[in-house]
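**Q** Sequence:
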Amino acid sequence: MKELLLQLNEQQRAAVEYIYGPMVVFAGVGTGKTRVITYRIAYLLSLGVDPYNILAVTFTNKAACEMKERLSSLFPYKAEKVWISTFHSLCAKILYTEAENFGIKRNFVIYDEEDSVKLIKECIKEMSIQHIGLSVYDIYDTICRAKDNLIDPDSYRINTIVFQQYPREIIAEIYLRYQTKLQQNNALDFSDLIMKTVQFLKDEKFTEIRNKYAERFKYIHVDEFQDVNHAQVVLLKILSSVHHNICVVGDDDQNIYSWRGSDVKYLLNFKKEFSTQDLQVKEFKITQNYRSKKTILEVSNKLISHNKFRVKKELFSNIEGDFKNDIKIKQCQNEYDEAEFVAKEILKLQQIPEFKNASVAVLYRTNSQSRIFEEVFSEYKIPYKIVGSVAFFERKEIKDIIAYLRVLVNPEDSISLKRIINTPHRGIGETTILYLETLAKENKTSLWEQIVKIDDTELSLKVKNAVWKFLSLYDMLKKYKDTMYPSEFIKFLIEKTKYIDMIGDKNERIANIEQLVDIAKRLEVQNNISTVEDFLNNISLFTLADTEEKIEFKNQSFNLKEVVLMTLHVAKGLEFDVVFIVGLVEGILPIWWVKEENIGYKSPIYLFNKNTDLLGIEEERRLCYVGITRAKKMLYLTYYLKRSLWAEEQPSVPSRFLEEILKESGKFKFTQFNVVPETEEIEKVDFLTTGEYVVHDRFGIGKIVDILKEPPYDKVVVVFQNGQKKKLSLKHTKLRKLKGYNINQ
DNA sequence: TAGCCCGGCGTTTTT
DNA sequence: CGCCGGGCTA
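Just so you know, the first sequence maps onto residues 0 to 744 in numbering that gives the first Met the number 0.
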């Protein structure tokens, strides 16, 4: 065990050896946060602590898997018995285990965003609301945020913190109906997993169950604590209520999930919140960065120092570097040009001995940016791997098959039922479903119940026939469901439902289904999954970051490891020798809707509109910071002067973050995009054509994409440099026509 | 019932 | 551009 501790520096060791009472480790970027947790667990095991009593919680499955692996290498046998999981799977597991005690059905399904949004749409339809001014997704987010803050529909209705311009009453009503519907469908959404678990464990009726878990978890660990939300904090308080032995690790500069309800205040106030009368929270700090060269760390420090709401740190690195070689900034003409530059640089890199086996990543703000890199990398025969991208489990054919499985397990799941009842076509159309739903409502039963009792309805014989056929198919599938492994059953199912015939020869979709079968097989072997129920439970919390799409090229003399493409969010927690951060332009990073004045955290937000509230420039800056600090040896920052948006091309300006990094440094010549302001007044829209440029006092240069002659005022639709699209009337807005624009070096 | 066409609209990040 | 929903027709 001595050896284990010798692998740590003094600051890390101090944290690892402190094993009694609540503690918080403020660990800057690259200082070995996860290392502290894994070594602490290993240390505990070496002291003879029963792995059964240890819990470690992370945010992503990826992080959980990595921790398991690292721990296994330190402590091969006992490590597997340590409970390491994400918040969501921890709660799902508790809910499955205690379902009977809690009085919920054990076969509940977990709805993802798409399912949930469908249910919300149903609620809105029922209420026959005309216009709320919020999209269904905004409403979904609002409800999720409420749940993250443990606010139920009633509390929501009466809370007064909500901004008055929003229809609070209406949202409360939607929320209430949505919860009822979830229950009728025997479903929980993501936020429910945490909220319900907390509600049950808090309930006086379940004191015994609460104590069972609180007694069990003698040592609790939480990674990336800056990303926790209120509900998660309450959960942790419950779980640590007996032993008060909780160790959390975090970095306020890396909080990039405030839009998901997380709040850095829980990290900063941890001492106050988790100290007890007898036990004061012990605070630790780790400041030595082992990951990046000095030069790269310096750049990241410069950037993050522009944030006002942060705890000042003194991070340092002992890895020598050379500014000119380590950090490169490149101006490109457009996105294609940028991707080509990245490709060429990667090919150059592998000629350099130092980078022969280097790991390389391309990081971007939005998933849609990956496409051009895929194209260009294929052209240049550069093998790559996309982490995340279009989520595998959100693809149509995958969701269809999962929906079949769900309905077989839980026929009350009407969202899944409606998804598959006429896929492929069986002659059970919309009107039939609508009719049956009305009946279900009248008789206070489920849609499924009405389908089973189809004989009692007044539907045409043709329709009844179609439904009978569907029911006999269902019975047959149900009969075979438990006779084979999930992977076999999926193959059986797509045959018998004629789903495979519907797909025909669309290779991509067939490949996807094959991949699903592979995943099932893998789970059967690795996780001992043998039933459809277990399979569903396992995959319902699989998400973006867990899916990887590998593209390889044969006959290649490519030395580097495959290049990794992913979003900045997914990149958190990872490191690479060489990092490209691309698309560093205003409107992308920072993304267009953040406002200068929104700098801090507004929380709890009980109702928000993504376009106007909550998100601020500081979180975008942190995101950029996370990206930069992934780099160990070399960092590329690229931007372009023009970008295409839908079919349009529009001018772009370099991100302010570039300027912040480079200002004062004098080490780079920074190019700016300037206007030669030769403008003229515009009297009428008639003098304008689409494609022309205009100047606005506040928004800057924009391109006219449309001219609308609609009473009472004519309007022009303008896309501005920061990406914002505005509909403006000349009556109210001062616009000047731009005679030409130039790019000044 | 199902498929087609048209118009409007949205650009995020993840469990 | 690409995806939705609505409306229309076979």
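By construction, these hints were calculated from the structure, which means they are not laboratory data. Please note that the accuracy of each hint is not assured.
Okay, derived cross-link-like pairs now, PhoX-like style, lysine-lysine, Cα gap no bigger than 20 Å in a straight line [stated by the list, open to error]:
(1) 327 x 347
(2) 662 x 323
(3) 264 x 284
(4) 380 x 264
The following label-pair restraints were derived from C-beta to C-beta distances [said to hold, decoys possible]:
(5) 494 x 236: 46 to 52 Å
(6) 117 x 237: 47 to 53 Å
(7) 8 x 214: 33 to 39 Å
(8) 659 x 271: 29 to 35 Å
(9) 240 x 151: 44 to 50 Å
(10) 686 x 301: 42 to 48 Å
All values reported here derive from a predicted model rather than from experimental measurement. We treat Cβ as the ideally placed atom computed from N, Cα and C, and that holds for glycine.
**Q** All the hints need checking, so say for each whether the structure fits it.
**A** Status of the hints after comparison with the structure:
no., hint, result
1, 327 x 347, "holds (14 Å)"
2, 662 x 323, "holds (16 Å)"
3, 264 x 284, "holds (17 Å)"
4, 380 x 264, "violated (47 Å)"
5, 494 x 236: 46 to 52 Å, "holds (51 Å)"
6, 117 x 237: 47 to 53 Å, "violated (32 Å)"
7, 8 x 214: 33 to 39 Å, "holds (35 Å)"
8, 659 x 271: 29 to 35 Å, "holds (33 Å)"
9, 240 x 151: 44 to 50 Å, "violated (22 Å)"
10, 686 x 301: 42 to 48 Å, "holds (46 Å)"
Going through the hint list in order, the structure does not satisfy hints 4, 6 and 9.
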